[in-house]
Structures are given as structure tokens and as C-alpha cells.
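Novice: Single-letter residue listing:
There are 2 protein chains.
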Amino acid sequence: MAATMKDIAKKTGLGLATISSYLNGGNVREKNRIKIEAAIEELHFEVNEVARGLKTNRTKTIGVILPELNIAFCTQIITEVEDLLRNQGYATIICDCRSNEKREEEAVEFLLHRRVDGLIIMPSGKHGSYLKKFISAGKPVVLIDRELEEIECDCVLVDNESAVKDAVEKLILAGHTRIGIIIGPSDIYTAKRRYTGYCMAMEQAGLAVEERLIVRGDYTIEGGAAAMKKLVNKNPDMTAVFVSNCEMTMGAIIEINELGIKIPEQLSFVGFDNLEFAKANIPKLSIVTQPTKEIAGQVFELLLERLEGTDKQKKSQTVKLKTGFIEGKSVNVSGRKEWSSIY
Amino acid sequence: MAATMKDIAKKTGLGLATISSYLNGGNVREKNRIKIEAAIEELHFEVNEVARGLKTNRTKTIGVILPELNIAFCTQIITEVEDLLRNQGYATIICDCRSNEKREEEAVEFLLHRRVDGLIIMPSGKHGSYLKKFISAGKPVVLIDRELEEIECDCVLVDNESAVKDAVEKLILAGHTRIGIIIGPSDIYTAKRRYTGYCMAMEQAGLAVEERLIVRGDYTIEGGAAAMKKLVNKNPDMTAVFVSNCEMTMGAIIEINELGIKIPEQLSFVGFDNLEFAKANIPKLSIVTQPTKEIAGQVFELLLERLEGTDKQKKSQTVKLKTGFIEGKSVNVSGRKEWSSIY
Chain E
1 MAATMKDIAK KTGLGLATIS SYLNGGNVRE KNRIKIEAAI EELHFEVNEV ARGLKTNRTK
61 TIGVILPELN IAFCTQIITE VEDLLRNQGY ATIICDCRSN EKREEEAVEF LLHRRVDGLI
121 IMPSGKHGSY LKKFISAGKP VVLIDRELEE IECDCVLVDN ESAVKDAVEK LILAGHTRIG
181 IIIGPSDIYT AKRRYTGYCM AMEQAGLAVE ERLIVRGDYT IEGGAAAMKK LVNKNPDMTA
241 VFVSNCEMTM GAIIEINELG IKIPEQLSFV GFDNLEFAKA NIPKLSIVTQ PTKEIAGQVF
301 ELLLERLEGT DKQKKSQTVK LKTGFIEGKS VNVSGRKEWS SIY
Chain Z
1 MAATMKDIAK KTGLGLATIS SYLNGGNVRE KNRIKIEAAI EELHFEVNEV ARGLKTNRTK
61 TIGVILPELN IAFCTQIITE VEDLLRNQGY ATIICDCRSN EKREEEAVEF LLHRRVDGLI
121 IMPSGKHGSY LKKFISAGKP VVLIDRELEE IECDCVLVDN ESAVKDAVEK LILAGHTRIG
181 IIIGPSDIYT AKRRYTGYCM AMEQAGLAVE ERLIVRGDYT IEGGAAAMKK LVNKNPDMTA
241 VFVSNCEMTM GAIIEINELG IKIPEQLSFV GFDNLEFAKA NIPKLSIVTQ PTKEIAGQVF
301 ELLLERLEGT DKQKKSQTVK LKTGFIEGKS VNVSGRKEWS SIY
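Just so you know, the sequences run in chain order E and Z.
Using the UniProt record's numbering, the final residue of the first sequence is 343, and nothing's skipped along the way.
Using the UniProt record's numbering, the final residue of the second sequence is 343, and nothing's skipped along the way.
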């Protein structure tokens, strides 16, 4: 028979309220704390988290909804957040939606039934209206990477416009003017912002934004490869390409390899994320990097503030972080030369 | 006020036992099922999984312990298993131990307190004695990828010896005799088995197993890069290398790129796992592949049998699956030529 709180009370001579306060992390006098911990040790007492969840209406569990568990950007952030949460006694239940809005909705329902205390979500869906139920239940939701227009909650983003604008400007400075872009689905927040960044860079340099140079992929490796193929077929005069996410960067490189195109001699290339892959490639790739550790830290802080902070009415916050850029050897700095001969 | 089982009983005119049977997935007559579902809909009844966990002593939650969430091999398997489990109404709580035995032990404790119904673990530790508590509580444990000698439970492995033996034989057939290997930590099951495979191939071909050609890494990208550097420094006459896991394969390629060594002209290369990376590399890498989807399917079946099967005393099973091999362009098939000039 497992020891109960009553056994601890009997053993220590303390009241149930004191034992309960201790177990729920409340203030307990030092001498009582010592007594309780000795009794816990002696009686092999284990807190039944399930029972505790019923009494406190807190399960100390956080739901995490990701579009793909196989996306390095997601796992890097979640590994960090999970660590930080575990240090505070929170477990995480991770759901992978395979970028499917229907499955995302199911995951939200599933986590509601599990009575999670809060939710971290990188949304796949466009509107996320099914999150409203969660928010109206008074449970905090933190969005990662993507904003949802209809949903008012905390959000940690990166500055996607500047990230892409800066990267494309580097290509322009190297003399390129016919710069292709592989961009994500038109209904995903990051894809919209990154596309804006591309247009800003081109327009400010007085270059036309040409439709033939813009191809959409679905943020997967396969999608990146298919988009690269299309881009090359449509644009024999393209001298540089920017790929706007990690998986499509790998896919584009696979296709470039397949087609036998030489980087940077025949095509200059700037990718996105995945530093290790960029270093392993011949030549090393120039890439935009995202501050995954910092994102994780911000998500954790926002969530903990909502879960344990005092100001329950605090206005929702949006944190926007700066991206980085790693210089590789995939950009031909004399891009202008190759096509200037046309004139 | 949320609707309760009593409200459903009142609404339908059925007994509580029938309602309970329905909610727990038991057999209920068709006409009663229809009545119950209509009442659930009308009363907005939601099953409180926390409360249900207390009554049935089942939380319908499975714990998953991984050495690293950033290892593609792990996430590929877990994505699959999670899908299969979710279809059966099980949630998963994933813990990442950062390949640290102490953290692994803490994760086991944590999941025990969470009253998970079963555990899937890819062990980081040598002995895993802290799993005994779990097993003696009558909860099923399924090991992935690595056996633990002291622990008697279901286990899904790949045939690591044959995987490496076959790969090294390909290098020998191509004419190579001084074949380096980057192998994992000596206390990890897979590293031991893979090392045996290397020795078997070399010895059966009448080649000496030379210590200078064997360097250990820690199954990380950084470890693979450092091991590659050591191997090249110690063996100027080495003509081929086999790298024995996914992350070290990437690390070795980063280092080869850093050193400016040409594959396959100066060094033939066979790696492990990560098909996409192998395809993106110039030249495409030859690699051993692991059947992650099949592994996931087996883990799921073994676990479900223990959780819901009838034979509770069933002897523990070890499933061993075959690996694959993808031919790239990273092996110089005339390896013999390069060094035959010595004679």
C-alpha cells in the first residue's frame, strides 16, 4: 500500500495543510520542511501527479503542437523549451501535425482533454480559430514563428522581412540582378513576411520583381527540389537564388546536385537555417540563421509568466528577434561579370 | 457547470455502467451508442482524462525517453510511433536526456510520477537498472536500438553487425585495404555491434584490424569531425573510411570539406543514415540506411500487445530488422590502383 499524505502527517505530527503546502511548492518553515522530507524518504511517499491534477486543477503539463517533428528548427527550439520547463517541474506533451490543419485542430482538442496548463504552438493553420476555446478557458497560449491574425496571445517571432531583405541585398551587392527565390506557401505567415523582404530588397535596388523568378514550395525537402527544378527551367539567365527555409534549402541543393549545376560558378546560392548542413556542403553555403536558443528562452519566459506570474490580465506580447547571417563560399562576388557580357 | 456521466445517464435513461463502458471503449449496443453520442453532443460532455486516469489507473499516456531530440533517427521513429499511438487514443510525453545517464534516470522517475502506462526508451545508460522499478510495477517497457543486459523486456533492434560488415565488404571489394572507421562510444550497444561488423569484414578478407585505423567519436556532429581529423592525421595512407552513425557522418564530411580532401579521388567514403544529406552531398554519399518506419511499427505493436493484449505473461521479445544500403558516388571503385604503386 502506497503511503499517503495522511501517513506523512501522522509521522511528522504536522497538519495536512502544511504537508499539502509543502507538496504544492508553498512556504513551509525550515524545521517542518526537514521533518517532511525525512518522512517522505522513510515512507517512500510518491506524489500522485494524476490525483494532484484533479485537486489543484493544474496538471503541470504543457502541450506542444508542431507542424513537423522532423524539422530541425522545431526540434532545436522544443529541446530547449522542454529543458527549461522540466527544471520547473513541467512535463510536455508533444504533438506533430504533419502540417495538416485538421490534425492541428484534433491535437488542440486532445490536449484540452488532457487538461494541459498551457500550450506552445507553431501553427500550421491559417486562422487557428480552434485555439479560442483554449484561450477562453483561461489557459495561456504562446505562438512560435507564426502570427495568427484572429488570435490574441503571446508570440515569439523572428524579423523575417529584414532577414530576407539583408540576404538578398548581399546578392545584389555581389552584382546579381536576376535573383530567383523559393518561397513558402502563400498562406503561411513566415512565407508572406519573407516574400515582402525579397520585394523590398529588389525594389530598393531599382530591380523589377519578376514573377518568373518566384517559385513556391511547401517548406519540405521534396518541395524545395521541385521548386528549384522549375526555377532553373524557367530562367536560363538566373545567376543567383535565395531559398527561404531549412528543408527547401536541402531540397534545392539535392536538385542542383542532380542537375550538375556548379555553385557558385554557375549559380550563386543563399540558403536558410541548418548551420551544420551549410558547413558540410561543398562549397560551404551562405545562410540566414535563426536564434533558436533565444526563441526558446523567450517562449519559456512568456509562458511561465502567464502560468505563475501575478498579473493575470497582462496584455499579450509579441517578441521579435533578429536573425543572423553566416558567410559561406556559395556566392560569386563577381556576379555582374557573367551577364554583363550580354550588353 | 460541466456535464457529468450522471447527466448523460439521466438524459439517455441508461445505467451508469453502460455509459462508463462506452466511455472506456467497451461493448455497447448500437441503439445505446447512438443515444449516448447524441447526449454527449447535446450536453457538451467532455471526458476528463485526468479523472479517468485516477479511476482506471490508466492514463493512456506513454512515456518516451530519447538520448537526443535532435537526432534524425530518433525523431523519424518517434513521429511514426506517436502517430500510431494517437490513433489508439494514447498521448506521448517525450523526454530528451542529452545522452546523459543521470538525466535518463530522472526522466524515468518523472514519468513514473506521471503514471504513464508504458515506456519507450532508447537508452543512453549502460545498465538501465533504474528501469527495474518500472518493470516491477507491471508497466511495459520497449527498448529501441539498444539492448540492456540487465533488463528483460521487449526490444527492437537492427542487425548492426551485418549492416557494417556488408558496407565494409563493399569497400574491400572496391580494392581498399586500409579502411578507417569512426565508431561510437565503447559502452553503447550499437557501437559494440558495429565494431564487431567491421572486424568481421576485415578478418574474413584476411586484412589486419589495425588500431591506428579505429577512432572513437561520441555520436555527435562535433565528435565526427574531430574523429575524422584524427584519422586523417594518423593515417596518410588510408584510402577509405566508414562512419558509423548519422551525426558523425555529417561531422566527418564537414571536416573533409575543411581539410580540402576530395571524395572519392583521395578518399572513399561510406556513411550511415540520413538519406537526404547523402543525396545533397557532392558527390552523393554511399550510406547504410535504417528502416525507421518498420522500427516504429514494431515498437508500436509490441507495446500495444503488452498494454491491451490478453497474455500478460508473454515472454519478452527481441525483434531484429535488416538495414539497407544506398549506392552513391563516394566510393572509388579502383581503390587498389592508388596504393598498388607502393609494391
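In case anyone wonders, no lab produced these hints; they're calculated from the structure.
Since the model is a prediction, treat every value here as computed from it, not as a measurement.
Misleading hints may appear alongside valid ones.
For identical chains, the list gives no copy identity; a pair is met inside one copy or between any two copies.
Said to hold, decoys possible - Below, a list of computed lysine to aspartate or glutamate pairs in the EDC-like style, where the Cα atoms sit at most 16 Å apart: (1) Lys230 <-> Glu301; (2) Lys102 <-> Asp83; (3) Lys329 <-> Glu258; (4) Lys170 <-> Asp83; (5) Lys11 <-> Glu308; (6) Lys312 <-> Glu42; (7) Lys10 <-> Glu42; (8) Lys322 <-> Glu308; (9) Lys170 <-> Asp7; (10) Lys322 <-> Glu305; (11) Lys320 <-> Glu80; (12) Lys234 <-> Glu210.
Novice: State for each hint whether it applies.
Specialist: Now for the hints, and whether the structure bears them out:
In this homomeric assembly, Lys230 and Glu301 never come within 16 Å of each other (Cα to Cα): the closest approach is 43 Å inside a single copy and 42 Å across copies. Only between protomers do Lys102 and Asp83 lie at most 16 Å apart by alpha-carbon distance; the minimum there is 14 Å, versus 29 Å within a single protomer. Only between protomers do Lys329 and Glu258 lie at most 16 Å apart by alpha-carbon distance; the minimum there is 12 Å, versus 20 Å within a single protomer. Proximity of Lys170 to Asp83 under the C-alpha cut-off of 16 Å is found in neither arrangement, the shortest distances being 37 Å within a copy and 42 Å between copies.
In this assembly of identical chains, the alpha carbons of Lys11 and Glu308 never lie at most 16 Å apart, being 31 Å within a copy and 39 Å across copies at closest. For the homomeric pair Lys312 and Glu42, neither the shortest alpha-carbon distance inside one copy (39 Å) nor that between copies (32 Å) is at most 16 Å. Taking the shortest alpha-carbon separations for Lys10 and Glu42, only the intra-copy value of 13 Å comes in at or below 16 Å, while the best inter-copy value is 47 Å. Neither within a single protomer nor between protomers do Lys322 and Glu308 lie at most 16 Å apart by alpha-carbon distance, with minima of 28 Å and 50 Å respectively.
In this assembly of identical chains, Lys170 and Asp7 lie within 16 Å of each other by CA distance neither inside one copy nor across copies; the values are 69 Å within and 66 Å between. In this assembly of identical chains, Lys322 and Glu305 lie within 16 Å of each other by CA distance neither inside one copy nor across copies; the values are 23 Å within and 49 Å between. In this homomeric assembly, Lys320 and Glu80 never come within 16 Å of each other (Cα to Cα): the closest approach is 18 Å inside a single copy and 33 Å across copies. Taking the closest pair of Cα atoms, Lys234 and Glu210 come within 16 Å of each other only inside a single copy of the chain (12 Å); across copies the shortest separation is 54 Å, beyond that limit.
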